[in-house]
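*Asks:* For reference, the chains in residue letters:
2 protein chains.
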Amino acid sequence: MQEDLSTTSLFKKRMSYLGNGDQYFYKEPLHITKGEDVWLFDKEGKKYLDVYNNVAHVGHCNPVVVDAMVNQAAKLNTNTRYLHEHIVALAEAIIESMPEGLNVCYFCCSGSEANDLAFQIARNNTGNKGCLVTENAYHGNTTAVFQMSPEDCTANQRESWIGTIPGPQEYLEDEVRCIQKTKDQVTKLKSHNHSIAAFIADNIFSSEGIYLPREGYLQTLYALVKDLGGLTIADEVQSGFGRTGDFMWGFEHSGVVPDIVTLGKPMGNGHPISAVITTREIADGFNRDYGYFNTFGGNPVSCAAGLAVIRYIKDNNLVKHAKTVGNYFQKELVRTIGTNDLVKDIRGSGLFIGIEMKDDTITSSTVEQLMNNGVLVGQTGPNNNVMKLRPPMTFQKEHADFVVQQLEKIQLNF
Amino acid sequence: MQEDLSTTSLFKKRMSYLGNGDQYFYKEPLHITKGEDVWLFDKEGKKYLDVYNNVAHVGHCNPVVVDAMVNQAAKLNTNTRYLHEHIVALAEAIIESMPEGLNVCYFCCSGSEANDLAFQIARNNTGNKGCLVTENAYHGNTTAVFQMSPEDCTANQRESWIGTIPGPQEYLEDEVRCIQKTKDQVTKLKSHNHSIAAFIADNIFSSEGIYLPREGYLQTLYALVKDLGGLTIADEVQSGFGRTGDFMWGFEHSGVVPDIVTLGKPMGNGHPISAVITTREIADGFNRDYGYFNTFGGNPVSCAAGLAVIRYIKDNNLVKHAKTVGNYFQKELVRTIGTNDLVKDIRGSGLFIGIEMKDDTITSSTVEQLMNNGVLVGQTGPNNNVMKLRPPMTFQKEHADFVVQQLEKIQLNF
Numbered sequence: 008m009q010e011d012l013s014t015t016s017l018f019k020k021r022m023s024y025l026g027n028g029d030q031y032f033y034k035e036p037l038h039i040t041k042g043e044d045v046w047l048f049d050k051e052g053k054k055y056l057d058v059y060n061n062v063a064h065v066g067h068c069n070p071v072v073v074d075a076m077v078n079q080a081a082k083l084n085t086n087t088r089y090l091h092e093h094i095v096a097l098a099e100a101i102i103e104s105m106p107e108g109l110n111v112c113y114f115c116c117s118g119s120e121a122n123d124l125a126f127q128i129a130r131n132n133t134g135n136k137g138c139l140v141t142e143n144a145y146h147g148n149t150t151a152v153f154q155m156s157p158e159d160c161t162a163n164q165r166e167s168w169i170g171t172i173p174g175p176q177e178y179l180e181d182e183v184r185c186i187q188k189t190k191d192q193v194t195k196l197k198s199h200n201h202s203i204a205a206f207i208a209d210n211i212f213s214s215e216g217i218y219l220p221r222e223g224y225l226q227t228l229y230a231l232v233k234d235l236g237g238l239t240i241a242d243e244v245q246s247g248f249g250r251t252g253d254f255m256w257g258f259e260h261s262g263v264v265p266d267i268v269t270l271g272k273p274m275g276n277g278h279p280i281s282a283v284i285t286t287r288e289i290a291d292g293f294n295r296d297y298g299y300f301n302t303f304g305g306n307p308v309s310c311a312a313g314l315a316v317i318r319y320i321k322d323n324n325l326v327k328h329a330k331t332v333g334n335y336f337q338k339e340l341v342r343t344i345g346t347n348d349l350v351k352d353i354r355g356s357g358l359f360i361g362i363e364m365k366d367d368t369i370t371s372s373t374v375e376q377l378m379n380n381g382v383l384v385g386q387t388g389p390n391n392n393v394m395k396l397r398p399p400m401t402f403q404k405e406h407a408d409f410v411v412q413q414l415e416k417i418q419l420n421f
Numbered sequence: 008m009q010e011d012l013s014t015t016s017l018f019k020k021r022m023s024y025l026g027n028g029d030q031y032f033y034k035e036p037l038h039i040t041k042g043e044d045v046w047l048f049d050k051e052g053k054k055y056l057d058v059y060n061n062v063a064h065v066g067h068c069n070p071v072v073v074d075a076m077v078n079q080a081a082k083l084n085t086n087t088r089y090l091h092e093h094i095v096a097l098a099e100a101i102i103e104s105m106p107e108g109l110n111v112c113y114f115c116c117s118g119s120e121a122n123d124l125a126f127q128i129a130r131n132n133t134g135n136k137g138c139l140v141t142e143n144a145y146h147g148n149t150t151a152v153f154q155m156s157p158e159d160c161t162a163n164q165r166e167s168w169i170g171t172i173p174g175p176q177e178y179l180e181d182e183v184r185c186i187q188k189t190k191d192q193v194t195k196l197k198s199h200n201h202s203i204a205a206f207i208a209d210n211i212f213s214s215e216g217i218y219l220p221r222e223g224y225l226q227t228l229y230a231l232v233k234d235l236g237g238l239t240i241a242d243e244v245q246s247g248f249g250r251t252g253d254f255m256w257g258f259e260h261s262g263v264v265p266d267i268v269t270l271g272k273p274m275g276n277g278h279p280i281s282a283v284i285t286t287r288e289i290a291d292g293f294n295r296d297y298g299y300f301n302t303f304g305g306n307p308v309s310c311a312a313g314l315a316v317i318r319y320i321k322d323n324n325l326v327k328h329a330k331t332v333g334n335y336f337q338k339e340l341v342r343t344i345g346t347n348d349l350v351k352d353i354r355g356s357g358l359f360i361g362i363e364m365k366d367d368t369i370t371s372s373t374v375e376q377l378m379n380n381g382v383l384v385g386q387t388g389p390n391n392n393v394m395k396l397r398p399p400m401t402f403q404k405e406h407a408d409f410v411v412q413q414l415e416k417i418q419l420n421f
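First to last, the protein sequences are chains A and B.
When the letters of the first sequence are read in order and numbered with this note's numbering, they come out as residues 8 to 421.
When the letters of the second sequence are read in order and numbered with this note's numbering, they come out as residues 8 to 421.
Read the hints as simulated data drawn from the structure, not as lab findings.
Simulated restraints, written as ranges between beta carbons of each label pair:
#, chain 1, residue 1, chain 2, residue 2, range
1, A, GLY236, B, ASP348, 51 to 59 Å
2, A, ASP296, B, LYS195, 20 to 28 Å
3, A, GLN187, B, MET22, 44 to 52 Å
4, B, ASP234, A, SER167, 24 to 32 Å
5, A, GLU51, B, ARG295, 32 to 40 Å
6, A, GLN187, B, THR15, 55 to 63 Å
7, A, MET22, B, ILE369, 49 to 57 Å
8, A, GLY262, B, ILE369, 55 to 63 Å
9, A, ASN324, B, ILE369, 56 to 64 Å
10, A, GLY236, B, ASP234, 44 to 52 Å
11, B, ARG295, A, LYS53, 33 to 41 Å
12, A, LEU179, B, THR161, 41 to 49 Å
13, A, SER372, B, ASN163, 52 to 60 Å
14, A, ASN200, B, LYS195, 15 to 23 Å
Backbone N, C-alpha and C fix where the C-beta goes; we use that ideal spot for every residue, glycine too.
Build the full structure now, drawing on both the sequences and the hints.
*Replies:* Quick look at the structure:
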């Protein structure tokens with residue numbers, strides 16, 4: 008399969024053949040050929056500690072997940088118009104992990120599809136069209152969900168049914184002002200004849216700069232949205248599957264129960280699978296008026312991967328592990344670079360940590376230098392000045408130590 | 008993985024856990040546990056000739072595709088922010104199969120995602136919002152693409168930017184009237200301030216009742232849409248990858264070149280992968296204003312599956328095979344049941360055949376009886392009276408004979 012292409016000619020071909028060929032990380036794109044647990048290897052065999060890719064949730068090429076997928080792929084892969092065990096077992100495992108009442112699943116292929124479906128369900132249930140999202144939210148890339156992603160969708164591309172409201176950090180600073188801002192957005196939507204169908208939030212607020220919302224934020228908003236006749240959607244594509252420690256799902260930290268939950272990225276450890284979970288009542292209404300069928304969604308191979316992931320998390324106590332190692336990692340970061348003038352804040356939850364730096368240039372430079380030193384991290388936030396640390400859940404304390412060591416080396420050059 | 012659940016308790020759990028649990032084929036759902044080439048096997052080991060599932064394009068569990076996927080899954084599965092060979096090799100293979108100028112690919116996970124992206128691209132390129140589709144078209148299930156699917160989206164759910172136009176059969180009957188109808192829809196859209204962004208069609212017109220468009224239909228429409236400033240989208244999710252014989256892509260039968268092509272279902276032989284292909288100029292405009300990133304889209308495992316499928320088709324001359332066996336199959340159907348009073352028409356192209364019957368009740372009954380006799384076929388068309396025969400591309404003449412024999416047996420009971 009053209010394994011002998013040089014990196015240069017591969018790059019040239021990529022830029023020519025792909026519509027979005029320029030969307031690579033780093034000044035010079037990495038040519039990655041192998042993955043193993045928390046490590047990625049480039050073509051020359053150089054190894055990188057992966058502190059960024061949450062899709063490989065239980066480790067790159069986790070043999071338990073690969074085996075489950077492989078065995079099923081050789082046996083049967085077809086659509087859900089026939090009965091099959093795996094989709095039922097996966098739905099059962101997901102429902103068991105959810106608050107009571109969230110007991111119905113739909114399966115799709117991507118987080119975007121899941122959020123798009125969740126929004127269709129919310130519009131159907133409420134009869135309303137409007138949507139509230141936080142000011143720098145990202146929820147995906149379909150026509151509808153792009154609108155719900157102000158991180159990408161600029162104000163002049165935005166349709167009149169979207170209202171953007173302050174994220175958890177601004178709420179902490181001045182709750183009264185934020186509630187007023189939110190109400191103003193509702194009024195603006197109403198002036199366009201849009202009532203609220205849904206409020207959707209990723210509950211680690213990743214693109215807002217990585218915040219686990221403090222006491223009251225989601226409670227206040229959920230109550231407000233309910234009053235307005237809208238549904239609440241918890242987008243767990245980023246915060247789900249134990250990532251944030253303590254709980255399986257991000258919304259649990261806030262003690263709220265959403266009307267709809269969406270799952271994506273980590274769900275199949277890289278295999279394209281996603282899901283929407285809601286109540287029987289909401290689902291029945293949607294099925295009566297619309298219905299939903301997804302050719303690939305919920306196929307036996309996708310569900311084998313999904314089942315293997317959810318069982319691996321449970322069997323290996325990875326939710327607790329994320330908390331233990333995440334706490335250690337944050338503490339070590341605070342101890343070593345916490346007082347550096349270039350570091351403004353270190354925050355997050357479990358194995359989802361943000362390091363807010365002085366500005367985007369310093370952040371980019373740090374991300375690039377860390378890569379040169381064999382550590383892969385990301386960059387996010389409205390000002391692009393937050394380093395995003397979001398490794399596979401099999402990340403250990405020794406890996407945290409390695410990151411800290413490399414960060415300390417770079418500190419010298421700041 | 009709960010393999011010991013009885014079919015009854017599996018069914019009960021499915022209905023309880025799945026939002027769309029009732030979407031199974033047949034009065035009593037089949038409990039399928041194994042697939043092999045053109046055969047599916049139920050829990051009791053009864054075998055069924057699969058004359059319906061086009062997703063298992065090169066045969067259920069084709070070992071070449073499974074091996075390619077398995078090997079890659081054990082090695083690396085990550086997103087396209089890094090360089091990798093497979094996405095470039097797959098893009099190259101697709102581009103080679105396309106008319107000149109269609110030389111840029113985007114990768115997604117489902118046909119719905121591909122059609123949604125194609126429409127975003129068309130809207131961006133034209134600055135228009137309107138869309139023309141045929142009157143019973145199906146293009147998928149995102150918020151936007153559901154609108155483009157009048158088969159599912161009822162007139163009262165339809166937004167003002169959708170115009171529905173006659174399919175190829177009505178065109179054949181009265182072209183002048185159909186062109187007028189099409190122009191009327193354009194006028195209706197304009198009255199809502201919508202100019203045409205795109206005309207999208209599945210080029211075997213599956214949900215219209217399975218028609219390979221006759222001479223002139225697509226040419227006339229493509230010229231009209233171009234005049235109106237819109238783009239043409241060929242949805243090859245159904246007709247693609249050699250399915251219709253003679254050509255790799257359905258639109259080639261009509262000698263037209265679309266602005267955008269979308270691929271889906273058969274592309275990964277069941278693995279969730281899809282693509283959008285367009286020109287460099289159109290892609291560059293879209294990337295400048297919007298851009299598109301899909302976490303799972305184009306990952307090395309998906310691309311390994313896609314590459315294996317496209318190579319298998321080529322290595323085994325399956326396009327020619329679809330033509331040969333398809334022609335034989337149609338001829339045998341005409342010879343044996345063609346004069347039956349209940350059969351109104353037998354049509355299609357390659358291994359995509361429609362048998363139009365007297366009414367939907369007779370069609371349902373035939374589909375159900377064929378299943379009992381070990382043959383799986385589908386049902387489609389605006390009046391639900393067309394039997395859909397769309398087997399894996401590895402379908403042989405002996406399989407066609409088996410279907411014909413079973414149909415003849417049922418004829419006795421008509």
